[in-house]
Amino acid sequence: MVNDRKNKELPASNYSKLNRRREAIWGYLFISPNFLIILAFTVIPVFLSVYISLTDWNILGTPNFIWIDNYKAIFSDQLAKVTFFNTFYFTVLSVPINVFLTLVLAVFLNQKIRGITFFRTAYYLPVISASVAVSLMFMWILANNGLLNQMLGSLGVEPIRWLTNPKIALNSVIGVTIWKGLGFNMIIFLAALQDIPQELTEAAAIDGANRFQQFFKITVPLISPVIFFVTITGVIGSFQSFDLVYNMTKGGPGHATSVIGYYIWKQAFDYMNMGYGAALAYIVFAVILILTLIQWVIRKRWVYSED
Amino acid sequence: MSNQKDNKNSFQMQVFKTISITILAFGAITMIIPFVWSVITSLKSAENIFSHSAFWIQFPPDFSAYKQIWERIPLLKYAGNTLKVALIVTIGQLITSSLAGFAFARLKFPGRDKLFFVYIATMMVPGMVLLIPNFIVMKNLGAINTHWALILASVGSAFGTFLMRQFFLTFPSELEDAAKLDGCNPFMIYWHILLPNSKPILTTLGLMAFQGIWNDFQWPLIVLNSASKRTLQLGLSYLMSEYYTDWGLLMAGSVLTLLPIILLFFAVQKYFVQSFKFTGLKG
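As they're listed, the protein sequences go chains A and B.
If you use the working numbering, the first sequence corresponds to residues 1 to 307, in order.
If you use the working numbering, the second sequence corresponds to residues 1 to 283, in order.
Bear in mind the hints are in silico, worked out from the structure with no lab data behind them.
Among these hints, one or two may not hold up.
[Unchecked claim] Restricting the straight-line Cα-Cα distance to at most 25 Å, the calculated cross-link-like pairs of lysine to any residue (SDA-like) are:
#, chain 1, residue 1, chain 2, residue 2
1, B, K229, A, L60
2, B, K277, A, F215
3, B, K114, A, F47
4, B, K84, B, Q211
5, B, K17, A, I113
6, A, K266, B, Y243
7, B, K270, A, D56
8, B, K270, B, Q166
9, B, K114, B, L169
10, B, K139, A, R299
11, B, K17, A, T201
12, A, K250, B, L256
13, A, K300, A, V220
14, A, K250, B, G212
15, A, K167, A, F88
16, B, K17, A, N110
17, B, K277, A, R299
18, A, K81, A, D56
19, A, K266, B, W219
20, B, K17, A, R114
21, B, K67, B, Y244
22, B, K77, B, I151
23, A, K250, A, I74
24, A, K217, A, L109
25, A, K217, B, S10
26, B, K114, A, K266
27, B, K139, A, F47
28, B, K114, A, V46
29, B, K270, A, F88
[Unchecked claim] Which stretches of chain A does chain B cover? Using the computed rule of at least three CB atoms under 8 Å from a CB of chain B, they are:
#, stretch
30, 37-45
31, 171-184
32, 187-195
33, 232-246
34, 274-282
Glycine included, every Cβ here is placed at the ideal spot set by N, Cα and C.
In isolation and in its complexed conformation, chain B is listed as follows:
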């Protein structure tokens, strides 16, 4: 009787597994095909893109779209702009968030909990509400059409502070007490004890900041005017509005701007997954 049940169960399990894998595989193909097709298109000669069927693959591939794109837009300049802003924001956010998170978790000062409540509350404000007033604030600071507008708006982070605080709260206080007796000030405790033990969370937070800036589109679109200031995403968007039927060129541009993040993703996938989960915590 129980054997029969086991058999039935394992049979059910096998069926379920097969269905699962089939559907997962179908979904995974749907996820990947757009990328593959972009690469295939970007490697076709311009005259072959329309004259041949979509399923046709040019061999040997034609790399002329990848050569042309550097002449059509200053891609290297845009990459440099993006990298500069992304690195400054990432490092800045790590410093300011870990400092503030440390203070909220480990130091006592009047008004601390009220201030922390303000932090939590600001996380509820949707970015869309801030676009117009921030544009005006940046205008008054003279930051419009400079990279400062991108840097300043993101170099502090309520979410990052929240994350760091929660992490620092989990540290045992014995170490800290011992350090205090040895005459360490709070900065030394932060620098020598907590930070060296926070590498995974700092990596995750840094990755979130970097990816956020690299992929950001709306805010740069609003605050940057001159072509020479553009980030990669803006550059790609303008490339599209100028050469909107040159699919080989546009796909080459997409592939090139996606590549760095995808490579980064494969290099540190674990931290990316962690970052998704953290964003899930945000609400």
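The following block holds chain A by itself, in its conformation from the complex:
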């Protein structure tokens, strides 16, 4: 029996060739379910989107090819201008505040203190909460007779129209965005801080460096790649913010809270200007792509410089 099998065995080179072919077939088989989904709903759409952005498609009619007219139209679109400005304002305000606060919180959390589990849990809660419920909670808190105005009222401050005053509304949305996102970056910073060998800060402390010196001379340089990463992903995230704006303000009052993520949705799925929406989305994509590549290159350099 054993001899039988031995006789039937193929010569070594043929055998391994067959084996390799088998392995390749298994490989393709294994990746195909996932790959087909990625192909159909990420790879093809990226290119399809270019085509759509070059047409005047509005779902109902047949698309006409209009070359770069959509891209040209963006330059004369006043609303797009307002939207880009709002997005810029949103990003410049929300990202640095988020990074600063989360870093400080992470440093505070990165020591032996009582109640640490409670603190962490408290900061995670907004992160795992759905944005619709968060929107509702804050619409009520920021309502004219809501919690915030009543608290301020007890200090003698007149009620503020947090979500209906065009000068304030965008700041309120930014505030809620920061509130919801704190716990997330905090974890990332905390993980980075825990990777720093304690001997480093202890050695500095022995040399007489105070807390602030330790922080700025040792901690910050060591986690600067993380700070940079968190900043870039924050910028990318803020370009895509939609849920809170849609639910809390619908871009209003007027267009005061219209940011690009919302405006693209509005153009494509409310006005049905698919072509124009796709063109707007592609411009944002280009910016995000550049930011991501910069982040990759710089991170790589950082990684090398550590060696």
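Chain A is already provided as a structure; the job is to place chain B on it using the hints.
Same frame as chain A, but now just chain B:
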């Protein structure tokens, strides 16, 4: 001298600790108050919400908002829709990602590394760019206004594949070689050796998928039209546009839709924290 320094240091440390705890506590309260206030509001009678101060708590609580909400919207139906889609996507993503991750990590086939590069590249594509073309793809597939549109778009995951690959790469190859000599095919190795040893990472990935679908808002908003197809988040958003001043009702809705995820969070907090860190790796 050195003693003095130690004292100074420990004093500094005490001050720093006190400041830390104060600020952390203030922040934590800011995080929790909105939730607490939602619960308090949802337990007030409608006429008391506006007539009394915000700080007033109704006792005994009035549960009528929690009774009403089931009459205003088919909450159970929405929960069922959401749960169905979330479970299918979670299980689907775990299967497809672990299979693909295994192939990329453990099998050799022509074009493997190029394909993997494509995977990495797709992770850079922001979701916003895909909304319009995916809507069109779904329209052509006849999937608009069906749950298929939600399932198909998420049942494969480049990020999940990446994560599984990195994890499978850390396995020692001796086990596998032994199994190969025993005549195991790649599927048997995947099923009997790698998967049983991957429970923590599968849990984390599954949790990310589940939570992502449960909380997703924009994509369901775009592809679902009929009221009966809505997910919880969509249902809550529509509830708001219909009863936008009925805060008791709206807060009850928020509390009810948040509860499952918050309970899940308390049950498996460790994996949630892990999932945050993984998302941090994504870029």
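Now the hints, each set against the structure:
no. : hint              : verdict
1   : B:K229 <-> A:L60  : holds (23 Å)
2   : B:K277 <-> A:F215 : holds (23 Å)
3   : B:K114 <-> A:F47  : holds (19 Å)
4   : B:K84 <-> B:Q211  : holds (13 Å)
5   : B:K17 <-> A:I113  : holds (7 Å)
6   : A:K266 <-> B:Y243 : holds (23 Å)
7   : B:K270 <-> A:D56  : violated (49 Å)
8   : B:K270 <-> B:Q166 : holds (20 Å)
9   : B:K114 <-> B:L169 : holds (17 Å)
10  : B:K139 <-> A:R299 : violated (40 Å)
11  : B:K17 <-> A:T201  : holds (16 Å)
12  : A:K250 <-> B:L256 : holds (24 Å)
13  : A:K300 <-> A:V220 : holds (18 Å)
14  : A:K250 <-> B:G212 : holds (23 Å)
15  : A:K167 <-> A:F88  : holds (16 Å)
16  : B:K17 <-> A:N110  : holds (11 Å)
17  : B:K277 <-> A:R299 : holds (17 Å)
18  : A:K81 <-> A:D56   : holds (21 Å)
19  : A:K266 <-> B:W219 : holds (14 Å)
20  : B:K17 <-> A:R114  : holds (10 Å)
21  : B:K67 <-> B:Y244  : holds (18 Å)
22  : B:K77 <-> B:I151  : holds (17 Å)
23  : A:K250 <-> A:I74  : holds (21 Å)
24  : A:K217 <-> A:L109 : holds (19 Å)
25  : A:K217 <-> B:S10  : holds (20 Å)
26  : B:K114 <-> A:K266 : violated (37 Å)
27  : B:K139 <-> A:F47  : holds (17 Å)
28  : B:K114 <-> A:V46  : holds (18 Å)
29  : B:K270 <-> A:F88  : violated (36 Å)
30  : 37-45             : holds (count 8)
31  : 171-184           : holds (count 4)
32  : 187-195           : holds (count 3)
33  : 232-246           : holds (count 8)
34  : 274-282           : holds (count 5)
In the structure shown, a violation is registered for the earlier hints numbered 7, 10, 26, 29, in ascending order.
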